[in-house]
Amino acid sequence: GVSLPPQRRCRWLCPDCRAQRRDFNREQRFYKRVGCGLCQACRIPEDCGICSACARSPPGGPPGPAWPHKCLLRR
Numbered sequence: 034g035v036s037l038p039p040q041r042r043c044r045w046l047c048p049d050c051r052a053q054r055r056d057f058n059r060e061q062r063f064y065k066r067v068g069c070g071l072c073q074a075c076r077i078p079e080d081c082g083i084c085s086a087c088a089r090s091p092p093g094g095p096p097g098p099a100w101p102h103k104c105l106l107r108r
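Residues 34 to 108 (the working numbering) are what the sequence shown spells out, left to right.
Please keep in mind that the hints were generated in silico from the structure rather than gathered at the bench.
Label pairs and their computed distance ranges (CB to CB):
| hint | residue 1 | residue 2 | range |
| --- | --- | --- | --- |
| 1 | GLU79 | PRO48 | 38 to 48 Å |
| 2 | CYS50 | ILE83 | 39 to 49 Å |
| 3 | GLY82 | ASP49 | 45 to 55 Å |
Only pairs whose alpha carbons sit at most 25 Å apart, straight line, appear in this in silico SDA-like list of lysine to any residue:
| hint | residue 1 | residue 2 |
| --- | --- | --- |
| 4 | LYS103 | PRO91 |
| 5 | LYS103 | LEU71 |
| 6 | LYS103 | ILE83 |
Note that beta-carbon positions come from the ideal geometry of N, C-alpha and C, so glycine has one too.
Turn these sequences into a full structure, and let the hints guide you.
Structure representation (structure tokens):
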């Protein structure tokens, strides 16, 4: 089939559907950043130090100029 770029795909939705999708995406981004606090991944208190995301982050210091990556076990 024909695939449209993401910015053009949204034009096919009515304004109400577009607003609903935007609100849903905003809520998902919030929980991805903060976490629900209920699942097993959210209850892990610290990073593992072994996975690729932990290996990229500087040890014991503030994150570098790049976006800090969350531990793979805590996702």
